[in-house]
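Trainee: Here are the chains, one letter per residue:
Protein chains: 2
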Amino acid sequence: MKIGKQTIKLESKPCIYSTSSIVGPKEMQGPLAQYFELHIKDVFFEEKSFEKAESKMLETCINNLLVKTGVSQSDVDVIFSGDLLNQCISSGFAMRNFDIPFLGLYGACSTFCEGLLLSSILIESNAAKQVVASASSHFCSAERQFRMPLEHGNQKSPLAQSTVTGCGSALVTNRAVADNGIHITHVTPGKIIDLGVTDMSNMGAAMAPSVYSTISNHLTDTGRTIDYYDCIFTGDLGVHGSDMLHELFKREGIDISKNHKDCGVLIYDEQNQDVNSGGSGCGCIASVFSSYIFNELKAKNLKKILLIATGALMSPTSSNQGESIPGIAHAIAIENEV
Amino acid sequence: MKIGKQTIKLESKPCIYSTSSIVGPKEMQGPLAQYFELHIKDVFFEEKSFEKAESKMLETCINNLLVKTGVSQSDVDVIFSGDLLNQCISSGFAMRNFDIPFLGLYGACSTFCEGLLLSSILIESNAAKQVVASASSHFCSAERQFRMPLEHGNQKSPLAQSTVTGCGSALVTNRAVADNGIHITHVTPGKIIDLGVTDMSNMGAAMAPSVYSTISNHLTDTGRTIDYYDCIFTGDLGVHGSDMLHELFKREGIDISKNHKDCGVLIYDEQNQDVNSGGSGCGCIASVFSSYIFNELKAKNLKKILLIATGALMSPTSSNQGESIPGIAHAIAIENEV
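Here the protein sequences come in this chain order: P and R.
First residue of the first sequence? That's 1 in the working numbering, and the numbers climb one at a time after it.
First residue of the second sequence? That's 1 in the working numbering, and the numbers climb one at a time after it.
If you are wondering where the hints come from, they were derived from the structure by calculation, not from laboratory data.
As the structure is a prediction and not an experimental result, all values here were calculated from the model.
Be aware that one or more of the hints could be misleading.
Pairs involving identical chains hold if they fit within one copy or between any two copies, as the list cannot separate such chains.
Claimed, not checked - In silico DSS-like links for lysine-lysine, alpha-carbon gap of 27 Å or less:
1) Lys48 - Lys13
2) Lys68 - Lys2
3) Lys9 - Lys129
4) Lys13 - Lys2
5) Lys5 - Lys68
6) Lys13 - Lys129
With the hints as extra help, turn the sequences into a complete structure.
Mentor: Structure representation (structure tokens):
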């Protein structure tokens, strides 16, 4: 049921029953290493191209989710997935290996929450009992597509973020089928906000206003305050985009910094991993939620969170044509109600 | 409610209340010219690039839908849209102009039915009252991205299809809000089928098996036969892909040719328009459904149709890496129940 202007309250409270994560070698050197379930030792993952490696990671991640939960392919009603590659080939090719209906998404780094949002609505409508939401990214496939081939060895801007090599998948269920107490209670699909930022090396600045818009509207629609949530997780504003988000709320007299964390900041050790402003990519929030955050929810160290995935919807072509960067952010309220 | 293995029966029967279409000059020389609501005289549409022209067409198409139906932006709960361009920039940039939550899709030429499918589920879940489903494509932006720059003047394979310059948008409503009798009664999300076709100039062959799979499963799940529908519309198999679909059904002893039409075949005059195997692109089925087919439904010349959008989920990168072409097809059962 829609409440307020932009938020959907889910009467059936779909359950996030389980998650699966896989990351690359660099992410395994970061502070969240202990939480990732699977990892690859080499960025090629025994494939002949970075794109094939990314697709194989996504397939492996979803397979792991199904194996560990004991859910057969025929019991999954739909898989939502998306990635950053042109024509979303990481997802399209990974899905060849599943005999499951597939709905492809493009929301750049907002994809994972877009998938959770649509999964929860499929459950709410009773159209589905069990749905998988997935997203992937790979540093090497993204670099050569969006920026420069790795061989070029170019320097990056201090404000630039580093694409995460990783995937995350979540199994969203009707509570009558499987329930662990971790429920999606509200979702707020985002509107595009574009304040004219044109710097492809500063995505945090392009996306912070859309995150501000989505959080503000979510709170207004639900009648909640920032404090309602134990933590508001964004992905991925990076260090500088997070600062901008804090500043935007400060102007309203709200200090969001005390219970806001960004997955792009969490995944790497900023001081020692040479990632400039932090991580990004569809796989960043997907892998961080599917490991660290979900673990904290299960352990009840977190009981109520707002998960917000943020996308920058430009392409190299649009930037070359002088366009600014449209930002979007989708929010998912997740509460452990056991 | 899910019925059978792959089909969702929509108890609330969401309504396709209105549609809007816009096409390019070549489409206006074809046999469906009289049905298109808007058209552009020049492929640049007063913009400086084909990509910007495509995005402006999409914006114009959705604006027209809202104006003609008298629906304000604040009454539209979500827009679904997608296109063929890298990072779906036609949609992302068009949506900057709407103060409406946006969920981006990538399904290649299956996008329009993916949007209708998800729109109908949003209505079914009561998460939304009015949703817009859109898709666009542009011959010139697609040619230079997927094949060759226009200036190259290359010849095309006789089996190749020609990307339609066009957009279509549909307003899907809760029947309590607006009802014209035209209802979505069932949807069948497709699975990826990839039989190993690698020829990017023969997409019909890559997609026909997925169309066959989706239609077969839809009929099994609903207990219907081909004859239940006045017409089964696909988009876009083209001339040769349609022949292959007919052949696949013939092997089962079923003659589908008598009530099957393909939007890629309908939109151009094959003999006189130099389009080889017919039209393709996200905008093909979107514009043909939103004009000719919807008109026929309103006039009750058609009462029950199955609309199937088909996507080929490869990219130039995947094809250059020797991959075959994954096909997908989503089916929407639409019935005029007045």
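Trainee: Could you place Lys13 and Lys129 in one of the four classes (within, between, both, neither) given a Cα distance threshold of 27 Å?
Mentor: Answer is both; intra-copy 12 Å and inter-copy 20 Å each pass.
Trainee: My question is about Lys9 and Lys129: at a cut-off of 27 Å on alpha-carbon distance, are they close within one copy, between copies, both, or neither?
Mentor: For Lys9 and Lys129, the Cα distance is within 27 Å both inside one copy (18 Å) and across copies (14 Å).
Trainee: Check Lys48 against Lys13 for me: Cα-Cα at most 27 Å, and say if that holds within a copy, between copies, both or neither.
Mentor: neither (43 Å within a copy, 48 Å between copies)
Trainee: What label fits Lys5 with Lys68 when the C-alpha limit is 27 Å: within, between, both, or neither?
Mentor: Intra 39 Å, inter 23 Å, cutoff 27 Å: inter-copy only.
Trainee: Is it within a copy, between copies, both, or neither that the alpha carbon of Lys68 lies no farther than 27 Å from that of Lys2?
Mentor: between (34 Å within a copy, 25 Å between copies)
Trainee: Given a CA cutoff of 27 Å, do Lys13 and Lys2 count as a within-copy pair, a between-copy pair, both, or neither?
Mentor: both (14 Å within a copy, 19 Å between copies)
In terms of the numbered hints stated before, the structure departs from hint 1 and from no other.
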